Every structure is written in C-alpha cells, then in structure tokens.
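**Student:** Sequence:
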Amino acid sequence: MKAELCQKFNVHTDGYETQFGFIFPGHGMKGKQEKLDTDEDLKNMYHTHQKKRQVSFWLKCKSKAKKRSGDSNDTPQSKRQSDLVNTMVEVGGTIDKLKEIHGDKYSDLQLNCWAHMVNSNRHQSLEDAPDRSFFGKKKKESLGVSPGKKISLRSECINQLDKWHQLKERGVITEDQYAELQATILTDIKKY
Numbered sequence: 000m001k002a003e004l005c006q007k008f009n010v011h012t013d014g015y016e017t018q019f020g021f022i023f024p025g026h027g028m029k030g031k032q033e034k035l036d037t038d039e040d041l042k043n044m045y046h047t048h049q050k051k052r053q054v055s056f057w058l059k060c061k062s063k064a065k066k067r068s069g070d071s072n073d074t075p076q077s078k079r080q081s082d083l084v085n086t087m088v089e090v091g092g093t094i095d096k097l098k099e100i101h102g103d104k105y106s107d108l109q110l111n112c113w114a115h116m117v118n119s120n121r122h123q124s125l126e127d128a129p130d131r132s133f134f135g136k137k138k139k140e141s142l143g144v145s146p147g148k149k150i151s152l153r154s155e156c157i158n159q160l161d162k163w164h165q166l167k168e169r170g171v172i173t174e175d176q177y178a179e180l181q182a183t184i185l186t187d188i189k190k191y
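For the sequence shown, position 174 matches number 173 in numbering that gives the first Met the number 0, and the numbering has no gaps at all.
By construction, these hints were calculated from the structure, which means they are not laboratory data. A hint or two may mislead.
[What the hints assert, rightly or not] Listed next, the in silico EDC-like pairs over lysine to aspartate or glutamate satisfying Cα-Cα at most 20 Å (straight line): (1) Lys167 to Glu155; (2) Lys149 to Asp130; (3) Lys59 to Asp36.
These figures come from a predicted structure and were not determined experimentally.
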C-alpha cells in the first residue's frame, strides 16, 4: 500500500528511510498517529475508520545521508546564539580589563561575576568591586561615637572623678590611689 500511495502522489523515496501510517479520526491532522507496517495494522485502520468516508495518511521521510561535521562557517547561527556569543565576547573583554586593573587580587570566578554585572548594568565601576559579600567585606566604617553619646560618656567620667575626689577628701583612699584613678579616668575622657 505504501508503494501504491507513493506512486499515486508522486512521492520519491529514493535515498530516504520512510515511515507510513494513518491518523486516528477526531484527532486532527497532527493527532494520534499509527504506523502501517503489517496487515494487522491495515485491518485496524479499516476497523477504526468504518463509519468515516475519509482516511488521513502520513508519510515521514528521513534522509539516509550522513550529517556533515559542524563548521561554524557553514551553518548560520540563530539570533539567540549570535547574541549569546556577542555577550560572551563582551564579558571576555571586560574580564581582561579587570585583570589589568586588579591583577591577581580577585579569583577568575569573581572577575567573571563582576564582568557580567558590569555588562548587565548592575554595577558601573571597574575600579571598585561590587558591594557583595562574594567580593570580600568592605572595611567597616569607624566605630566612632555620635556627639550625643560622647557628651554622655564624658559626663559619666567626670561624675566618677568627682566621686573618687570625695572619697579622697574623706580619707577613704590615699593621694597615690586617687592620682592613679584620676589618670585612668582622664585617659578615658580623651578617648571620647
């Protein structure tokens, strides 16, 4: 039957591996397909299409020719592939610039991540690393004390000095002990 249909519809199958079958009714042209290889398959087709006046067939031809080895010059790239290649070239150029600027300070993985961030406009600077933990922690700002806190700490030191002075006047502590405590408290005041 396959040979008759190929002859009738002028299908040339020389050099092709062919598969042939029918489509079940109610499934559309690309619906459920069944191969016609044996007489049993042919009987199944007639049984399935008993009430129908029309049978839809399909023929799939596969070339027996061997594929050529892939050569980038022979096959044009799709737009997506082309965009990806261009992006990778841009990232490679950015990595080279970063290596020139920073040398071996950052790993290849960090430089690659940094270059991708620069190319996707998530980071602008080639000089300063992105503010992410992956690139190492930035030095913390000085742990200086706010002006209000400075005033309160100095007041506490002065109050403490007054209390030690009162104890010295009462004779609870000696002059040497007071001088030592006074030096410590004055050093603390200078810190703030």
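**Student:** Compare the structure with each hint and give your call.
**Tutor:** Do the hints match the structure? See the list:
1. Among the hinted pairs, Lys167 with Glu155 is consistent with the structure: their alpha-carbon atoms are about 19 Å apart, no more than 20 Å.
2. Under the criterion of a C-alpha separation no larger than 20 Å, the hint pairing Lys149 with Asp130 is inconsistent with the structure, at around 31 Å.
3. Of the supplied pair hints, the one linking Lys59 and Asp36 holds, its CA atoms being roughly 13 Å apart against a limit of 20 Å.
Checked against the numbered hints listed earlier, the structure breaks hint 2 alone; every other hint is satisfied.
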